[in-house]
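The task is simple: from the sequences and hints, build the whole structure.
Protein chains in written order, with this note's numbering: chain A, 1 to 141; chain B, 1 to 775; chain C, 1 to 116.
Hints are supplied without guarantee of correctness; some may be wrong.
List time: in silico DMTMM-like cross-link candidates among lysine to aspartate or glutamate, alpha-carbon distance up to 25 Å [as the list claims (entries may be wrong)]:
(1) K684/B / D106/C
(2) K295/B / E156/B
(3) K350/B / D296/B
(4) K100/C / E136/A
(5) K97/C / E136/A
Hints were generated in silico from the structure; no laboratory data involved.
None of the values given here were measured: they were computed from a predicted structure.
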Amino acid sequence: MNNIVLRTIVNLISRLLLYLSIYLLWRGHNAPGGGFIGGIIAAIGFVFYAIIYGPGKTRERIKLPPMYYIGGGLFFSALSTVISVFTGRQPLTGLWIDIPLPVIEDIHLGTPFLFDMGVYLVVFGMITAIIINIMEVLRWN
Amino acid sequence: MHQLLPYLLTSLLVVGLATPLLEKKLKYRTGVFLSVIPLSFFLYFLWVFTSLGKTESLIIPPIMELVRGGGLSVRLDGLSVLFGLMVSGIGVLVLFYASAYMRKYPRQGYFFMLLTFFMGAMLGMVLTNNLIALFIFWELTSVFSFLLIGFDNHLEKARKAALQGFLITAFGGLCLLFGVLLIGDIAGTYEISELLNKGELITSHTRYPLIFLFLVLAVFTKSAQFPFHFWLPGAMNAPTPVSAYLHSATMVNAGVFLLLRVNPFIGDTLLWDSVLPLFGSITMFTGALLAFGEKDLKRILAFTTISALGIMVLLAGIDTTKSIKAALVFFVVHGLYKGALFMIAGLIDKTTGTRDIDRLGQLWKPLGLVSFAALLSFFSMAGLPPMLGFIGKELIYGAKMQAAYFSNIILVFGILSNMLMVGISFYVFYQVFWPYRRVKKKVAIDGHYARSFLLSFGPVILAAFSLGLGLAPVRIGKYLQNAIYFIRAEEVAVDLGLWHGVNAVLILSIITVGGGILLFIFRKQVAFNVARFNNWLNKFYLPDVFDKVIKNYVKVASRQTDRIQHGYHRYYLITFFVITSLLVVVHLFANSGIAPELQLQPIKSYLLILFIVMAFAAGYAIFSSSRIAAILALGIVGYGIGLVYLFFGAVDLAITQFLVETLVMVIFVLVIYKLPVFAVFSSKASRVRDIFIALLAGGMMGMVVLKSNFFNVETPISDYFINNSLNLAHGKNIVNVILVDFRALDTMGEITVLALAAAGVVALLRLNIKKRENE
Amino acid sequence: MELVLAIFIGLLYACGVYLLLRRSIVKLILGVFVLSNATNLVIFLAGGITRSGISILQDEVVVDKSNITDPLPQALILTAIVIGLGIAAYTLALKYKYYKVTGTDDLDRLKNTDQR
Numbered sequence: 001m002n003n004i005v006l007r008t009i010v011n012l013i014s015r016l017l018l019y020l021s022i023y024l025l026w027r028g029h030n031a032p033g034g035g036f037i038g039g040i041i042a043a044i045g046f047v048f049y050a051i052i053y054g055p056g057k058t059r060e061r062i063k064l065p066p067m068y069y070i071g072g073g074l075f076f077s078a079l080s081t082v083i084s085v086f087t088g089r090q091p092l093t094g095l096w097i098d099i100p101l102p103v104i105e106d107i108h109l110g111t112p113f114l115f116d117m118g119v120y121l122v123v124f125g126m127i128t129a130i131i132i133n134i135m136e137v138l139r140w141n
Numbered sequence: 001m002h003q004l005l006p007y008l009l010t011s012l013l014v015v016g017l018a019t020p021l022l023e024k025k026l027k028y029r030t031g032v033f034l035s036v037i038p039l040s041f042f043l044y045f046l047w048v049f050t051s052l053g054k055t056e057s058l059i060i061p062p063i064m065e066l067v068r069g070g071g072l073s074v075r076l077d078g079l080s081v082l083f084g085l086m087v088s089g090i091g092v093l094v095l096f097y098a099s100a101y102m103r104k105y106p107r108q109g110y111f112f113m114l115l116t117f118f119m120g121a122m123l124g125m126v127l128t129n130n131l132i133a134l135f136i137f138w139e140l141t142s143v144f145s146f147l148l149i150g151f152d153n154h155l156e157k158a159r160k161a162a163l164q165g166f167l168i169t170a171f172g173g174l175c176l177l178f179g180v181l182l183i184g185d186i187a188g189t190y191e192i193s194e195l196l197n198k199g200e201l202i203t204s205h206t207r208y209p210l211i212f213l214f215l216v217l218a219v220f221t222k223s224a225q226f227p228f229h230f231w232l233p234g235a236m237n238a239p240t241p242v243s244a245y246l247h248s249a250t251m252v253n254a255g256v257f258l259l260l261r262v263n264p265f266i267g268d269t270l271l272w273d274s275v276l277p278l279f280g281s282i283t284m285f286t287g288a289l290l291a292f293g294e295k296d297l298k299r300i301l302a303f304t305t306i307s308a309l310g311i312m313v314l315l316a317g318i319d320t321t322k323s324i325k326a327a328l329v330f331f332v333v334h335g336l337y338k339g340a341l342f343m344i345a346g347l348i349d350k351t352t353g354t355r356d357i358d359r360l361g362q363l364w365k366p367l368g369l370v371s372f373a374a375l376l377s378f379f380s381m382a383g384l385p386p387m388l389g390f391i392g393k394e395l396i397y398g399a400k401m402q403a404a405y406f407s408n409i410i411l412v413f414g415i416l417s418n419m420l421m422v423g424i425s426f427y428v429f430y431q432v433f434w435p436y437r438r439v440k441k442k443v444a445i446d447g448h449y450a451r452s453f454l455l456s457f458g459p460v461i462l463a464a465f466s467l468g469l470g471l472a473p474v475r476i477g478k479y480l481q482n483a484i485y486f487i488r489a490e491e492v493a494v495d496l497g498l499w500h501g502v503n504a505v506l507i508l509s510i511i512t513v514g515g516g517i518l519l520f521i522f523r524k525q526v527a528f529n530v531a532r533f534n535n536w537l538n539k540f541y542l543p544d545v546f547d548k549v550i551k552n553y554v555k556v557a558s559r560q561t562d563r564i565q566h567g568y569h570r571y572y573l574i575t576f577f578v579i580t581s582l583l584v585v586v587h588l589f590a591n592s593g594i595a596p597e598l599q600l601q602p603i604k605s606y607l608l609i610l611f612i613v614m615a616f617a618a619g620y621a622i623f624s625s626s627r628i629a630a631i632l633a634l635g636i637v638g639y640g641i642g643l644v645y646l647f648f649g650a651v652d653l654a655i656t657q658f659l660v661e662t663l664v665m666v667i668f669v670l671v672i673y674k675l676p677v678f679a680v681f682s683s684k685a686s687r688v689r690d691i692f693i694a695l696l697a698g699g700m701m702g703m704v705v706l707k708s709n710f711f712n713v714e715t716p717i718s719d720y721f722i723n724n725s726l727n728l729a730h731g732k733n734i735v736n737v738i739l740v741d742f743r744a745l746d747t748m749g750e751i752t753v754l755a756l757a758a759a760g761v762v763a764l765l766r767l768n769i770k771k772r773e774n775e
Numbered sequence: 001m002e003l004v005l006a007i008f009i010g011l012l013y014a015c016g017v018y019l020l021l022r023r024s025i026v027k028l029i030l031g032v033f034v035l036s037n038a039t040n041l042v043i044f045l046a047g048g049i050t051r052s053g054i055s056i057l058q059d060e061v062v063v064d065k066s067n068i069t070d071p072l073p074q075a076l077i078l079t080a081i082v083i084g085l086g087i088a089a090y091t092l093a094l095k096y097k098y099y100k101v102t103g104t105d106d107l108d109r110l111k112n113t114d115q116r
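Written out as structure tokens, the structure reads:
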């Protein structure tokens with residue numbers, strides 16, 4: 001589809017959805033959102049992108065092969081579950097640190113966030129992998 | 001030093017695994033290289049054997065526990081070390097032999113790996129102090145035996161024989177497991193060292209006959225006792241090194257080992273003293289008789305092995321100090337001469353290309369030293385002085401006279417089968433080696449094999465041992481005391497000698513040899529008649545009967561499977577849904593009826609409209625003939641469910657539902673256009689039937705939901721989550737906190753599933769691409 | 001309310017089962033999807049339908065904790081929905097492959113293992 005307006009809009013939307021998904025991931029612990037939702041929203045942005053620009057372009061856009069995202073996500077999640085072991089606690093114990101910041105709200109960071117990030121990456125990777133492969137194999141665009 | 005033994009055993013496994021790699025580097029020298037391990041075992045055992053006190057045993061606790069309170073604890077006493085000596089000693093020679101014998105075979109690395117594993121399993125079995133571990137090793141030897149018999153897996157005969165041997169020995173293994181579990185149940189322990197003084201408890205228990213039956217079945221199948229003897233001649237399809245090792249000197253003796261091992265706490269009962277001698281003597285006689293009718297050198301040896309195993313079971317069954325002594329000595333005797341003879345048979349096979357004793361002949365000169373070793377081994381087999389075999393036979397006669405039940409019959413059978421043994425020994429030696437026998441056509445001789453050092457090394461050494469131990473029997477006798485102490489729980493002085501003066505035993509020996517010579521003179525007639533008897537027996541040829549039983553079993557099983565597993569996916573589902581629904585509905589009505597006092601909540605009108613819309617959409621979806629319309633209609637249902645979630649305050653859930661519904665529709669649409677349109681396959685009648693089944697299942701679910709709504713489910717877990725979400729996990733979104741903190745392990749599993757689903761999709765689709773490119 | 005919900009869920013199940021019993025694979029996949037939706041709904045409602053508070057705690061307002069919708073089924077269903085997506089994609093890919101190999105849409109042709 002070569003409609004220039006459509007292309008620009010989709011490009012913009014996929015970008016916006018990506019930022020939105022990261023925001024949802026970040027606030028997921030305290031408000032609706034989180035890794036699952038964030039991952040799906042980010043992926044939906046790229047699904048639009050793939051429908052307009054084709055799977056090849058989408059592969060370039062997401063830089064790494066989707067499987068890498070899945071692997072990385074699994075790694076982050078697994079990592080977050082074992083970090084607490086190194087501090088002498090049971091595995092899967094959540095650890096938190098406070099990072100005080102002067103102007104905006106204090107940042108409250110913990111291993112569950114790392115875990116959620118892993119979930120985000122796995123979901124994102126899964127959906128993009130499915131969509132891109134289906135489009136390539138079935139010769140869409 | 002002793003603590004190293006378990007590690008040594010483990011190293012055997014590691015080396016076994018590495019064998020295929022070693023074989024790439026070392027080629028045919030692999031066997032020679034590998035023999036270092038059994039050699040070190042042998043030397044170690046020799047040291048233990050000579051240093052153990054008369055009533056001393058060593059128990060090395062397990063490195064780690066396999067089951068609670070038990071593991072691979074090692075037990076070193078006279079019995080285990082004696083068996084260990086034979087297993088490792090003959091192992092060294094067999095590895096030497098095999099490295100020359102297997103030179104032209106493919107997959108040598110695999111062969112040596114199996115042989116090493118087998119050695120490990122066998123050593124583990126004799127050394128372990130735990131009955132469960134003993135069972136495991138026992139089964140392992142069966143498995144490796146199966147793989148080794150079937151090593152020439154391109155031959156149907158080999159595969160068949162391997163399967164047969166395996167089915168029988170594995171059946172015995174199962175019996176052993178039952179027996180062991182029963183023993184453990186009664187005695188409360190599986191450790192042999194603790195069981196030794198619990199004999200009274202076990203033999204007086206009401207389940208003792210059952211235990212005895214199971215153990216005896218295990219022994220009879222493994223040690224090829226009548227009526228399970230028929231798998232052993234079939235096992236001769238294995239390469240000769242395997243026959244020499246497994247099916248003469250080691251594995252088949254496992255049954256005898258088990259008998260001696262459990263004797264202190266199972267033995268010495270009426271059952272033991274009558275059943276074992278009975279079957280032992282039948283086996284002894286049958287084996288010796290049938291051996292006469294065979295022409296194949298290896299099969300002759302196999303039948304004499306059966307006979308020898310019968311003797312050992314018989315001796316273990318007589319269960320006097322003298323008979324146990326005889327059994328131990330005969331075990332050594334038999335291992336030495338039978339190992340040597342098997343190796344010689346293999347050498348002859350390689351040299352001349354045949355094992356038929358009628359075609360072979362005049363091999364005395366061409367084979368040189370090996371002929372001499374053969375002569376000595378045949379002497380030992382015939383029980384003639386000055387070989388160790390003579391001492392063994394003398395002891396056996398002495399023991400048989402002591403038998404508690406029907407000792408006369410046993411003695412007669414014993415003399416007859418020993419006569420047959422003498423006859424066979426002379427007969428085979430005459431046919432194969434005697435330089436003055438007239439042969440119609442001389443067999444061609446491959447000098448390369450005849451002079452091979454590696455091939456002749458084993459038999460010569462074994463024959464030398466037979467002779468040496470026969471001349472100086474005191475050496476071995478002194479060290480048997482320990483074994484006997486642990487089997488019979490009494491201290492005895494063991495004195496072995498070639499000459500005991502003129503007594504009843506000596507007279508029996510002379511009669512035996514005389515009878516054997518008579519048989520030798522009438523060999524043609526005897527062999528002919530036995531062969532005829534054999535032909536007649538073949539009508540009830542046990543391997544075939546066994547085959548038939550197995551085949552029928554499989555046939556019945558597959559017919560049953562065809563009936564139940566008909567392959568029509570719909571009918572599986574129909575069966576499942578109808579039965580489940582009926583069971584649940586009946587249960588609901590039978591117990592309390594549905595929700596007796598309904599206190600209905602009022603329904604919001606917009607929710608009612610939503611439900612009606614969704615119901616119409618779902619109904620439209622299933623009867624629509626347009627694919628895209630069906631998908632969109634189902635999308636409406638999905639969105640509607642999302643709204644329901646939202647109505648009940650589940651925000652995260654609603655968002656996810658909307659997003660996923662969208663994505664699923666996109667994916668469906670992407671794929672569906674590449675698929676054919678809906679085709680109507682089913683008839684009208686079947687559709688009506690399906691509607692009824694669907695309504696039944698739906699009604700059942702509706703009732704369940706209705707019922708479950710009034711259960712007043714307590715929510716203690718959820719309350720915990722609600723109350724602790726903020727202060728323990730620092731999160732306000734309880735759902736998210738549960739996902740990533742409280743139940744993070746579950747989520748971990750779920751994202752793994754997602755990863756696998758993605759991998760599955762990619763794999764499925766990519767497989768297609770390649771295929772298309774190829775076409 | 002309860003009655004309507006029960007009837008609706010029963011209807012969804014009936015639709016799912018009917019689709020499952022078709023010989024066409026596409027319908028079978030749709031059936032699986034309907035069933036998974038219906039089951040999610042059942043699990044969700046098993047937490048009770050009297051409470052409908054949002055399961056998010058607030059700092060300022062004191063939330064009536066007893067009115068919060070049971071969060072545990074929500075967490076279970078959330079993952080189930082996403083996994084349902086994975087399964088739908090997988091079955092579709094499987095179906096596509098099946099169609100490519102056998103050239104048919106008929107489930108009864110799946111009876112034997114060595115097709116082609």
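Exercise for review: Return the numbers of the hints above that this structure violates; sort them in rising order.
Suggested key: none
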